[in-house]
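2 protein chains.
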Amino acid sequence: MLSRYRFLSSYVSPKARAIVFEKYGNPKDVLRAYTHELPPLTPTTLHIRFLASPINPADINQIEGVYPAKPTFTKELGILPDGEHKELAVGGNEGVAEIIAVGEQIKDLNVGDWVIMGRSGFGTWRTHAATTPNDVIRFNNKEIGLIQAATLSVNPCTAYRMLKDFVTLKKGDFMIQCGANSSVGQSVIQIAKAWGINTINIVRNRPDIENLKTHLKSLGATHIITDQELRNYKTKSLIKEWTGGNIIKLGLNCVGGEVATEMAKFLGQNGTHVTYGAMSRQPFFVPASHLIFKDIKFLGFWMSKWNKTHSREEKGEMLNEVIKLMKFKKESPADIAFEEVLWGNQNESDESLKNKFLSALDKSGAGFHGKKQILKMQT
Amino acid sequence: MLSRYRFLSSYVSPKARAIVFEKYGNPKDVLRAYTHELPPLTPTTLHIRFLASPINPADINQIEGVYPAKPTFTKELGILPDGEHKELAVGGNEGVAEIIAVGEQIKDLNVGDWVIMGRSGFGTWRTHAATTPNDVIRFNNKEIGLIQAATLSVNPCTAYRMLKDFVTLKKGDFMIQCGANSSVGQSVIQIAKAWGINTINIVRNRPDIENLKTHLKSLGATHIITDQELRNYKTKSLIKEWTGGNIIKLGLNCVGGEVATEMAKFLGQNGTHVTYGAMSRQPFFVPASHLIFKDIKFLGFWMSKWNKTHSREEKGEMLNEVIKLMKFKKESPADIAFEEVLWGNQNESDESLKNKFLSALDKSGAGFHGKKQILKMQT
Numbered sequence: 001m002l003s004r005y006r007f008l009s010s011y012v013s014p015k016a017r018a019i020v021f022e023k024y025g026n027p028k029d030v031l032r033a034y035t036h037e038l039p040p041l042t043p044t045t046l047h048i049r050f051l052a053s054p055i056n057p058a059d060i061n062q063i064e065g066v067y068p069a070k071p072t073f074t075k076e077l078g079i080l081p082d083g084e085h086k087e088l089a090v091g092g093n094e095g096v097a098e099i100i101a102v103g104e105q106i107k108d109l110n111v112g113d114w115v116i117m118g119r120s121g122f123g124t125w126r127t128h129a130a131t132t133p134n135d136v137i138r139f140n141n142k143e144i145g146l147i148q149a150a151t152l153s154v155n156p157c158t159a160y161r162m163l164k165d166f167v168t169l170k171k172g173d174f175m176i177q178c179g180a181n182s183s184v185g186q187s188v189i190q191i192a193k194a195w196g197i198n199t200i201n202i203v204r205n206r207p208d209i210e211n212l213k214t215h216l217k218s219l220g221a222t223h224i225i226t227d228q229e230l231r232n233y234k235t236k237s238l239i240k241e242w243t244g245g246n247i248i249k250l251g252l253n254c255v256g257g258e259v260a261t262e263m264a265k266f267l268g269q270n271g272t273h274v275t276y277g278a279m280s281r282q283p284f285f286v287p288a289s290h291l292i293f294k295d296i297k298f299l300g301f302w303m304s305k306w307n308k309t310h311s312r313e314e315k316g317e318m319l320n321e322v323i324k325l326m327k328f329k330k331e332s333p334a335d336i337a338f339e340e341v342l343w344g345n346q347n348e349s350d351e352s353l354k355n356k357f358l359s360a361l362d363k364s365g366a367g368f369h370g371k372k373q374i375l376k377m378q379t
Numbered sequence: 001m002l003s004r005y006r007f008l009s010s011y012v013s014p015k016a017r018a019i020v021f022e023k024y025g026n027p028k029d030v031l032r033a034y035t036h037e038l039p040p041l042t043p044t045t046l047h048i049r050f051l052a053s054p055i056n057p058a059d060i061n062q063i064e065g066v067y068p069a070k071p072t073f074t075k076e077l078g079i080l081p082d083g084e085h086k087e088l089a090v091g092g093n094e095g096v097a098e099i100i101a102v103g104e105q106i107k108d109l110n111v112g113d114w115v116i117m118g119r120s121g122f123g124t125w126r127t128h129a130a131t132t133p134n135d136v137i138r139f140n141n142k143e144i145g146l147i148q149a150a151t152l153s154v155n156p157c158t159a160y161r162m163l164k165d166f167v168t169l170k171k172g173d174f175m176i177q178c179g180a181n182s183s184v185g186q187s188v189i190q191i192a193k194a195w196g197i198n199t200i201n202i203v204r205n206r207p208d209i210e211n212l213k214t215h216l217k218s219l220g221a222t223h224i225i226t227d228q229e230l231r232n233y234k235t236k237s238l239i240k241e242w243t244g245g246n247i248i249k250l251g252l253n254c255v256g257g258e259v260a261t262e263m264a265k266f267l268g269q270n271g272t273h274v275t276y277g278a279m280s281r282q283p284f285f286v287p288a289s290h291l292i293f294k295d296i297k298f299l300g301f302w303m304s305k306w307n308k309t310h311s312r313e314e315k316g317e318m319l320n321e322v323i324k325l326m327k328f329k330k331e332s333p334a335d336i337a338f339e340e341v342l343w344g345n346q347n348e349s350d351e352s353l354k355n356k357f358l359s360a361l362d363k364s365g366a367g368f369h370g371k372k373q374i375l376k377m378q379t
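Here the protein sequences line up with chains A and B, keeping their order. Counted from 1, the first sequence has number 119 at position 119 by our numbering; the numbering is strictly sequential. Counted from 1, the second sequence has number 155 at position 155 by our numbering; the numbering is strictly sequential.
No lab work stands behind these hints, which were simulated from the structure alone. Fair warning: there could be bad hints in the mix.
What the hints assert, rightly or not - One-sided excerpt, in silico: chain A residues whose CB lies under 7 Å from chain B:
| # | residue |
| --- | --- |
| 1 | I60 |
| 2 | P68 |
| 3 | K70 |
| 4 | G256 |
| 5 | E258 |
| 6 | F284 |
| 7 | V286 |
| 8 | P287 |
| 9 | A288 |
| 10 | F298 |
| 11 | L299 |
| 12 | W302 |
Everything numeric in this text was worked out from a predicted model, so none of it was measured. Beta carbons: idealized from backbone N, C-alpha and C, even for Gly.
Modelling step: build the complete structure from the supplied sequences, incorporating the hints.
Written as structure tokens, this is what we have:
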């Protein structure tokens, strides 16, 4: 391995390309591509090179100014070719980067390490960034592919925390989730399977439902039921048969609306109902009897908040644990439907980079449908 | 004071009158009055004489078989004049009794002590009962009137626990409640006042709203707002003005439906929304953003469950604390609207006792409206 000192002797700050905005609004109106030089490395800073960064729904909401986690507006982006010096934010919250230079006072990170961002609002739609150790989390990248790494920090980590932090699930216990074919839902199935937890998975009925069932079974789903079947009066006894009368302790909800209310009925005494999304864009009903007599707790989970309140060490531990549990295969690029967007070529014009980005944004359909668009950096 | 031994030497088990049922159903169909002798006192049992017992809504639901806390069906009611020996339950869950005889091995209870029941399902619509120390909680009756004591165990204790157990409220903090003029709501106001907690009280608009406001103010309410006012767009800034920007940490809900959803909007980050009733008989909506981004917890409270999971010592402590906080005045009979029903005369026929009871039951209107009916025992 190159020593950081040897590396530094000939090191020149790279030119960075980024998708930035200076005020909230419709992404098409406010986003632009931007080229700048990274500030020179200091003894306590890092330079990182992004490898891949997805476009997630929350990123869009953040640019619109309607997301509670705010981006970081800063004048520190670097030396601007045109002398302009406005407060800019870089879009994107998730991605994987490689460390390319390490300030001499930093002892625990090395050139070549793969990192993800330790907080939301960092800005990941860019080729390079200057940062500090506090803002990055290193993880073991031996077992994990590039696209898996780029999409590791939000969905698989959300699944892991929700299975771990709300109730104590032992081998053989049961949990239930709706939106089971969401990215988080699929991670829930894999992590639960690794822990010996039985999953009851609710999905929307669809023409190719058998294909979906086969896919979820292959990930480790114990039982699969459609939202239509859920409303059938026989479902109560069916689920009782599945669980052998065991209580379902945990329900995970990313859909809201009717299915979130229905799901609560199947939770046992003292059960916990955790909401982490609202794909249906509908609130859900809570009947008082669930709260009063069954003592069911209706709680929420937000990965950004967890990240805000936990240390870099805890985050690193989590990442390495999640990588082990998910049984990522380096040769199979991802467990999600995605499309690579080759982006960030040093020689391309800002205009071309912007158009390429906006076209990917279009295809992501605000991220709720279709394949996830992932910028793969060509630097 | 009479020693328990001296007292026992001439003690004869009293004749007991009770409202009983042997199967679930419409109270009018299944309830009957019943006369029996108490089983003789043993070294480890007590005899108690009931002083007053209210008719509560939950009592009716229990007889109908639709309440999760079940009554105690037993063949142990005593020696039956007609030799009949079916499993019977006594109706009623709340009431105050006086100890009239104490088994010689019992050291911590005395003849003359006032007690309430330590569990639900004991049966309080009766003149006398044989029981054990575990089933009764002694309290200090010096500061408290008969009707106050008879209605102490459910509503004031529910208010006390909800203010104490969910979030840590310090002097000057804010809480909000709907159904603020309910029995529990009024206890909440009094206890919060004693602790220096500011209360924002939501009540339904009505023709005599000013009288109600005056009454709640006299109990210690900090602010009062109608459900109509709550929906006004100016309310947000009004409440912000009241709280001086302080976060509202706790919301208590006994109504459900729209007001329960509205109330949640005023809770601050990490707030707790506790449901203990559903007077509107409507479930309420939970928007995902409250759960995910504001981390509001939607929980329930049920006094019966608390009683089941806590010791006699803890219950006794709570009662004495509640009596102090509520500033009961022995000379003013109660803080609730009630009507005394003189009941249990030793010489009255079972038929007359039953009819008197059913007439009170009618007036209680299943307890949701009108004055609370309280059996005052004429023994």
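- Message: A/I60 was flagged as interface toward chain B. Is the shortest Cβ-Cβ separation under 7 Å?
- Response: 16 Å, violated
- Hinted contact A/F284 with chain B - closest CB pair below 7 Å: 6 Å, holds
- Interface restraint verdict for A/E258 against chain B (beta-carbon cut-off 7 Å): Status violated, d = 12 Å.
- Item | Hinted contact A/W302 with chain B - closest CB pair below 7 Å | 5 Å, holds
- Does A/K70 meet its interface restraint, that is, does its C-beta lie within less than 7 Å of any C-beta in chain B? 12 Å, violated
- Message: Let's test the interface hint: is any C-beta of chain B closer than 7 Å to that of A/P68?
- Response: 4 Å, holds
- Is the hint on A/L299 kept, meaning its closest Cβ partner in chain B is under 7 Å away? 6 Å, holds
- Identify whether the interface hint at A/V286 stands, where standing means a beta carbon of chain B within less than 7 Å of its own. 5 Å, holds
- Query: Should the interface hint for A/P287 be scored as holding, given a Cβ-Cβ cut-off of 7 Å against chain B?
  - Reply: At 4 Å from the nearest chain B Cβ, A/P287 passes the 7 Å test, so the hint holds.
- Do the numbers back the hint for A/G256, that is, is its least Cβ distance to chain B under 7 Å? Nearest chain B Cβ about 5 Å off; hint holds.
- Query: Taking the least C-beta to C-beta distance, is A/F298 closer than 7 Å to chain B?
  - Reply: Holds, about 4 Å.
- Hint check: is the beta carbon of A/A288 less than 7 Å from a beta carbon of chain B? Where the cut-off is 7 Å and the nearest Cβ of chain B is about 4 Å from A/A288, the hint holds.
Taken one by one, the earlier hints fail for this structure at numbers 1, 3, 5, listed in ascending order.
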